[in-house]
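From first to last, the protein sequence lines stand for chains D and A. Reminder that position 66 of the first sequence reads as 66 in the numbering used here, one-by-one numbering, no gaps. Reminder that position 259 of the second sequence reads as 259 in the numbering used here, one-by-one numbering, no gaps.
If you are wondering where the hints come from, they were derived from the structure by calculation, not from laboratory data. All C-beta atoms, glycine included, are put in the ideal place defined by N, C-alpha and C. Some hints here could point you the wrong way.
Far from chain D, some chain A residues (derived; all Cβ distances over 10 Å) [what the hints assert, rightly or not]:
#1 Glu161
#2 Glu236
#3 Asn247
#4 Glu336
#5 Lys383
#6 Glu391
Computed from the model, here is a short list of chain A residues facing chain D with C-beta under 7 Å [claimed, not checked]:
#7 Arg65
#8 Ile67
#9 Trp167
#10 Arg177
#11 Ser181
#12 Gln227
#13 Leu228
#14 Pro234
#15 Gly235
#16 Pro256
#17 Leu257
#18 Gly262
#19 Cys267
#20 Ile270
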Amino acid sequence: MKSEFEWISIDLQLCMHCGACVGTCPNNALFLHDLTVGANEKCKGCGTCTLVCPVGAIEKEDGSEGR
Amino acid sequence: MKIIETDIVVIGAGPAGSTTARYAAKGGAKVVMIEKRQEIGSPVRCGEGISKGLLPKMDIDPPARCIAREVVGAKIVSPAGHVLTISEEQAGNEVGIVLDRVFFDKYLAKLAADEGTEILLKTTVVGLLTENGRVTGARATSIEGDLEIHARCVVGADGFESQISRWAGIDTKLNLRDITSCFQYRLTGIDIDPDYCEFTLGSAAPGGYVWIFPKDEDTANVGLGLQLSQLKNPGEIKRTLDKFITNDERLRKGEPLEMVSGAVSTCAPIEKTIGDAILLVGDSARQIDPITGGGISNGCIAGKIAGETLAIATKENDFSERSLQRYERGWREEIEERLYLNWMAKEKLVTLSDETFDKIIETLSEVGVEKLSTLSILQAVKKRYPEIVAEFSDLL
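Let the sequences and hints guide you as you build the complete structure.
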């Protein structure tokens with residue numbers, strides 16, 4: 001199962017709810033709510049979260065890798 | 001909507017939050033501590049290593065179940081396999097005790113509760129309450145519905161992913177070089193030396209290290225942290241650890257009991273951790289040792305100072321930034337210099353080649369080193385490799 005946002009999608013099967021992406025996001029666009037990670041409109045698609053995620057649960061929607 | 005009135009609301013019930021709550025409540029403040037998870041201390045997000053010296057310093061005497069294992073020292077392993085073995089006294093930080101955080105965190109929260117702290121679990125803070133720009137509490141969702149906590153001071157002890165700091169406008173933004181992303185397994189059935197914590201440096205973990213912290217005779221926390229600025233592909237952290245385990249015959253036959261992921265800051269001390277009616281402590285205040293990535297001891301040390309400051313602020317009815325300066329000054333006196341020096345050393349360490357790590361660790365293993373400090377290490381290496389020491393000259 002996936003949570004899809006404008007720029008990124010989060011694989012809920014892989015996500016460990018650890019918050020690595022939340023603390024790293026330079027735009028403060030990611031959050032942990034009810035232990036589920038979500039993204040809001042502040043996301044600019046920079047892709048930092050795809051790299052910091054220890055398990056690779058976050059993908060850029062356009063399929064490009066990394067930053 | 002339910003409304004709670006209190007002096008202090010502490011967001012996050014990790015070691016820093018609980019210690020802050022404990023000392024604030026002990027000094028007479030009414031304290032509410034909020035934890036988003038349903039259980040304090042779980043799931044673990046930590047390698048669980050801590051130095052032996054901390055416990056008496058923190059005025060804690062945790063029951064035996066909080067301590068999974070006491071080790072006698074550390075082994076530092078170079079990329080080519082040279083091993084430096086040091087005693088727990090020489091190692092200092094983050095070596096000596098491997099905790100069981102599931103129990104340890106509950107014990108610290110119990111100490112807070114014993115002093116009168118009210119604890120709310122499975123409660124997520126979704127925003128701050130403000131009046132004319134001044135923080136007046138927090139909004140939360142909980143199993144009993146929406147909640148407003150009206151408080152005279154908000155404590156952000158909400159970890160690496162801190163939202164409180166951002167909402168309050170305190171700059172805790174991190175450079176990609178100052179973020180280490182981690183993955184860990186608790187592996188059982190492995191063939192380790194259960195009396196030593198082991199650290200492997202070099203290209204096995206670029207900009208970080210691989211750790212093996214024994215939990216019992218044949219079980220250990222086996223994890224790795226990598227510097228974010230050196231990462232190139234999604235999922236690299238777990239994959240790199242999996243590769244390390246597969247290539248290590250002691251580990252590859254192990255079975256996992258637990259998986260842990262997370263990130264830590266490895267930055268220089270930040271400018272400011274307070275504001276009017278707001279205070280940050282622990283990982284959210286970036287009080288992490290930049291070399292080890294350890295945060296429990298610093299969080300507890302800063303938490304005690306925070307709690308004592310808040311108790312005074314309650315008595316004086318003054319939660320202004322000026323009043324909270326006691327905390328800002330206090331924690332800096334205790335740990336700021338060490339954080340700064342270790343950040344400088346980290347900035348250097350992340351640039352070293354495997355060959356340099358091999359030279360340093362081989363030399364130290366032959367000539368010995370009194371204490372695992374940057375200075376003693378450089379002194380020990382100087383005779384044989386003056387060119388390496390020259391690279392560190394600005395640290396001396």
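> Are Leu228 of chain A and chain D close enough, Cβ to Cβ, to be under 7 Å, as the hint says?
Replying inline: 5 Å, holds
>> Holds or violated: the hint that Gly262 of chain A contacts chain D, with Cβ atoms closer than 7 Å.
In response: Holds - the Cβ of Gly262 of chain A comes within 7 Å of chain D, reaching about 4 Å at its closest.
> Measuring from the C-beta of Arg177 of chain A to each C-beta in chain D, is the shortest one below 7 Å?
Replying inline: 12 Å, violated
> Can Pro234 of chain A be said to touch chain D, with a Cβ gap under 7 Å?
Replying inline: 4 Å, holds
>> Can you verify the interface hint for Gln227 of chain A: is its Cβ closer than 7 Å to any Cβ in chain D?
In response: Violated, about 11 Å.
> At a threshold of 7 Å, is the proposed contact between Cys267 of chain A and chain D supported by beta-carbon distances?
Replying inline: Check failed: Cβ of Cys267 of chain A comes no nearer than 12 Å to chain D, outside 7 Å.
> Taking the least C-beta to C-beta distance, is Pro256 of chain A closer than 7 Å to chain D?
Replying inline: 13 Å, violated
> Are all C-beta atoms of chain D more than 10 Å from that of Glu161 of chain A?
Replying inline: 3 Å, violated
> How about Leu257 of chain A: closest beta carbon in chain D under 7 Å, or not?
Replying inline: 15 Å, violated
> Once the closest CB in chain D is found, is it more than 10 Å from Glu391 of chain A?
Replying inline: 28 Å, holds
>> Min Cβ distance, Ser181 of chain A to chain D: is it shorter than 7 Å?
In response: Cβ of Ser181 of chain A sits 5 Å from chain D, so the hint holds.
> Taking C-beta pairs only, is Asn247 of chain A more than 10 Å away from all of chain D?
Replying inline: Fine: 19 Å to the nearest Cβ keeps Asn247 of chain A off the interface.
In summary, the structure is inconsistent with hints 1, 2, 7, 8, 9, 10, 12, 16, 17, 19, 20 from the numbered list given earlier, while agreeing with the others.
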